[in-house]
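Student: Could you put the whole structure together from the sequences, leaning on the hints where they help?
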Amino acid sequence: MTSLLKQLGIYGWKQEDENLVLSSLLTGDPLLMIGAHGAAKTHIAYKMAQALAKRFIAYDASKALFEDVLGFPNVESLKNGRVEYVPSAVTVWDKQFILVDEINRALPELQAKWLEIIRSRKIMGFPTEVKWVWAAMNPSTDSRYNGTQIMDAALIGRFSIFLYPPEALDMEEDDRIRVVEHINGDDAPSLGEWVESATSRTVSQAQTGETGQRVAQVLTRAAGHFVRLRAQFDTLGTFLSRLSVLVMKETDGKVKLDGRRLGFMYRNLLAFRAVEMARNEALGDELPVFSESAKRVILASIPVGINQDGINKEEFLHKVEICLDLLADYFRNGSDLTRTETIYRLFTCSDLLEKTRILLTENLSELAKSNAWNDLAEGDRDISVLAYVALQVEAHRPGTVPVELLEKLAGRIGSSSLSSASVPLLKNESIEHLDEVNRLLDQPSDLEQMIAFHRVRELADRGQITAEALGRVRKSIRQDAQEFKRLVQAAPVQTEPVATVATPALSEVEV
Amino acid sequence: MKITTQKLRLEADKEVQGLRRLRFNPVEVTVEDVFLRGIHPHSVVRAGNQHDYTGMADTILAKLNEPTAYLPELKAHNLGHEVAAPSYSIYGCNDTPDPVDRLLKYLAENIYFADDLTYERLLAMAIERLRRIWDGAVARNMLGNVARDFASMREMLKRKNPDIKVTSYAELDEIDVSRLFTVDDFLTEEQLLLSFGLESRNFRRTDAIQAFTDEEGRLRATPRIERCQVSWGYERSGKMPLIAYQCHVPGRQIRWMPSMSDNARQREKTRDVARRWGKRSGRYCFTSDLADMPTIIEELRMRLSFPDLKYTGGEKTESEATAQVRQKAVLTFDAPFRIKADSSNEAIKDMLRRFDRKLTGRKEDLVQRLAELMADQYAMKAPEMDQFFGARQFIRLTHERTESKRLPVLQGHPMAGHLLTMYCVRHMRGNVVLEAKHENTSVNLPDLAEAILAGRVRLNGCFVAVE
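Just so you know, the sequences run in chain order A and B. Here numbering that gives the first Met the number 0 is used: the first residue of the first sequence is 0, the next is one more, and so on. Here numbering that gives the first Met the number 0 is used: the first residue of the second sequence is 0, the next is one more, and so on.
Calculated from the structure, these hints are not laboratory results. As the structure is a prediction and not an experimental result, all values here were calculated from the model. Glycine residues also receive a C-beta, built at the ideal position from the N, C-alpha and C atoms. Accuracy of the hints is not assured; some may be wrong.
Said to hold, decoys possible - To list a few chain A residues with every Cβ distance to chain B over 12 Å, as calculated:
{"hint": "1", "residue": "Arg54"}
{"hint": "2", "residue": "Asp67"}
{"hint": "3", "residue": "Leu77"}
Said to hold, decoys possible - Selected chain B positions facing chain A (Cβ under 10 Å, derived; list incomplete):
{"hint": "4", "residue": "Pro71"}
{"hint": "5", "residue": "Ile174"}
{"hint": "6", "residue": "Ser177"}
{"hint": "7", "residue": "Thr181"}
{"hint": "8", "residue": "Thr316"}
{"hint": "9", "residue": "Gln323"}
{"hint": "10", "residue": "Leu330"}
{"hint": "11", "residue": "Arg400"}
Tutor: Okay, here's the thing in structure tokens:
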């Protein structure tokens, strides 16, 4: 693996973090680095801009005045009724790449001003030449950083990628040693007085330029891949839409991915993969498994725990990770949505018998099965019919239900659900359909009867007992029963050889 | 079917010309009056227990206590105050317990109704009446109200007749005060004149009663009544439960919706009713003309009621017709047994005796012997149970179900419950799927039997058959 960042004197970053940096450079969508002081946040922006020969400036948001960014108003222009600003070495107008450092130390009223340039690359409505905006901050959740402010949600929402640069102690020892030994422009500033500066710096200007050319080469190739991938993954938007619902459900509504966030994810996924492919071609780097890369990109695209808001970032990201693992087949199967749709239906549909059907008939991954069974067994919902059907199938096909959940599932069959007493009273005009309802409840087998109790109960709970609805239910009872019976019959019970002793049939038992 | 309501009117007061009094009497009303014009169905909702659930009495009170119901000039002279519901005692009182009737009676006796009446005119009316009813008792009472004590009264009497001799209240009561004083002697005491000249000092405008009556003076507090209940309670029995209809009257048609339990005769009867009166408008719920309602009610010997009628604020209820679906259930099985380690020695011995086992020894010995018996019997009966469970599987549900039947194997065997429990414990896969081919032999039979008897191993819940 080639590390372009190492060639710029930035050590210890994982390849995937490096690719996130390159993805941001490819698309120009804003990147926010969150890390402790000394994690090379400012340095990476400076070195990358230098390597790519882009006009760069880093503003310190904790003390930068608006006039520093804008310049002073041109009095002569004002006389003529035109608003213009006098540019200077530190104004933003001609810069191509900017870093808004310490962004969470800017006062809330100044955060709004940074928002404009991050959002639209404009300031006071005037366009600039800025193409890349990165920002950096110390973690607000770290009690060591007293001066940090709460970040406005709208401002957070403008960043596409959230990157957590490593601290020295998180790195491999080799990288840590390199960090220790590295001397850059700010280090030992007077050394150059006594020896040639070129010899004192670990990374020379020439090396930086060469690395910049490699980065540019990778990005140029990646841009081509981006366009091709976009056409190839034409269902990516649908996938992300499904993912957002699943994530919201899994995190109990705490993580809501809005349209802009999903848009960022969409571009980041394509850009990241494009960068990986470009590196593979240009630098000979190994091409990682897409599903793993996708997981990394999506997790890096979700702003969780940026503020001190009591959210356990690890816990939430873990939940998102589970959702991604469940849907990972999408990336494995070359953007085929079929499996994604199945998983999506399994976790989001409210019809218990449809869930049962998916669980018992679809070829699901162990992870999906285990998660779905667990969700059902642990949830509050009455899953009697599902548990009943599943255990019937389990009796014929051992291993259908994870063995550790068998007893739990058996405990979820409420005794009331075994009889029509669980069907609510019919009310008012529904009473007219009493005979049809009674006929529906009169089924030839226990399985059909359980399905009928469930379907009629659902209908009565919703107060939707009509001739049409009952007709639909009659049909669905028949279909469900046929399908589940087929499952049961697919693997007939392996019974002991029948001896000659006569035993009464169950139907002969007096009820 | 006869429905009556109270009809109200104002009549001239017999004593004081110019003032009017409330009078009321029951009148018959039609179902159209009740449902389409909102006439209060008084005879139907009339409360025998003082509780006016419709809030009619409260509505009357609220309307009469509204500021617009008073005569402003008289109210300024404290001749108009809030009316409160008359109290009622069930002991020694002949009053009707119905709050509306009682209130109307109270209003008739205690409220004057008038229009455009000035204070001066009212005072003149009071003086005029006083002159007519002037006698010793009235004069004595007025004197007692003007004079604060006996000495003052004596002084007033002396002023009229210096020779009069009064030394006690008894002597005072002997004197006909009306011969010494005239109404004119009290003309400065206006409040006293009003109090003694009129039967009540509480006045209302004559149009105040229009707020709770229709143009004919019949009680009404709502423009329409849309719901009622018709129930058939006269022939109620175990075989024929009560039939009740919730009725909705959106206009000149009435929608009948029956409440039913899972009773075939009841359903049959409701179908008959719908066939007879519904004109093919439904099998159970049906529609009829409102005009037919009295005939239907009379022919079916039913009763009309208005459980949801409520004129006052607060939560309005809306009764619903309900029907119970037919009772069907999935068959469940269990394997209960009675004799356990904590059963009496006699009960354990009784079981051992059946199998010719030794009956002597302490309780522990008996339980041990019972466990051994179970193990022996299990070994004997295992083929029969294998045969039964080899032909069918079961699923154990962890919830108990009282309707469960005993597993139909080893029927008649005195230890069937014990042996089946042992079998189930040994043959359940995942503690749920009961099948002959699965067997857990990690515990030997006597130990398992002993654990079951001691309650250390339990077989909770019930079984359903695998299809």
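Student: Taking the hints in turn, state whether each one holds.
Tutor: Now the hints, each set against the structure:
Chain B leaves Arg54 (chain A) outside its interface by the beta-carbon criterion, the shortest separation being 69 Å against a cut-off of 12 Å. Listed as outside the interface, Asp67 (chain A) is consistent with that label: its C-beta sits roughly 66 Å from the nearest C-beta of chain B, beyond the 12 Å cut-off. No Cβ of chain B approaches the Cβ of Leu77 (chain A) within 12 Å, the least distance being about 68 Å, so the stated non-interface status holds. Hint status for Pro71 (chain B): violated, given a least beta-carbon distance of 50 Å to chain A, over 10 Å.
Annotation: Ile174 (chain B) was flagged as interfacial toward chain A, and the flag is violated, the nearest CB pair being 78 Å apart, outside 10 Å. Nearest Cβ of chain A to the Cβ of Ser177 (chain B): about 72 Å, over the 10 Å cut. The hint is violated. At about 74 Å, the closest approach between the beta carbon of Thr181 (chain B) and any beta carbon in chain A exceeds 10 Å, and the interface hint on this residue is violated. For Thr316 (chain B), the interface hint is violated, since its Cβ never comes within 10 Å of a Cβ in chain A; the closest pair sits about 14 Å apart.
Interface restraint check for Gln323 (chain B): the shortest CB-CB distance to chain A comes to about 6 Å, inside 10 Å, so the restraint holds. Interface hint status for Leu330 (chain B): upheld, as the beta-carbon distance to the closest one in chain A is roughly 6 Å, under 10 Å. With a least beta-carbon distance of about 4 Å to chain A, the hint placing Arg400 (chain B) at the interface is held under the 10 Å criterion.
When the structure is compared with the earlier hints, violations turn up for hints 4, 5, 6, 7 and 8 and for no others.
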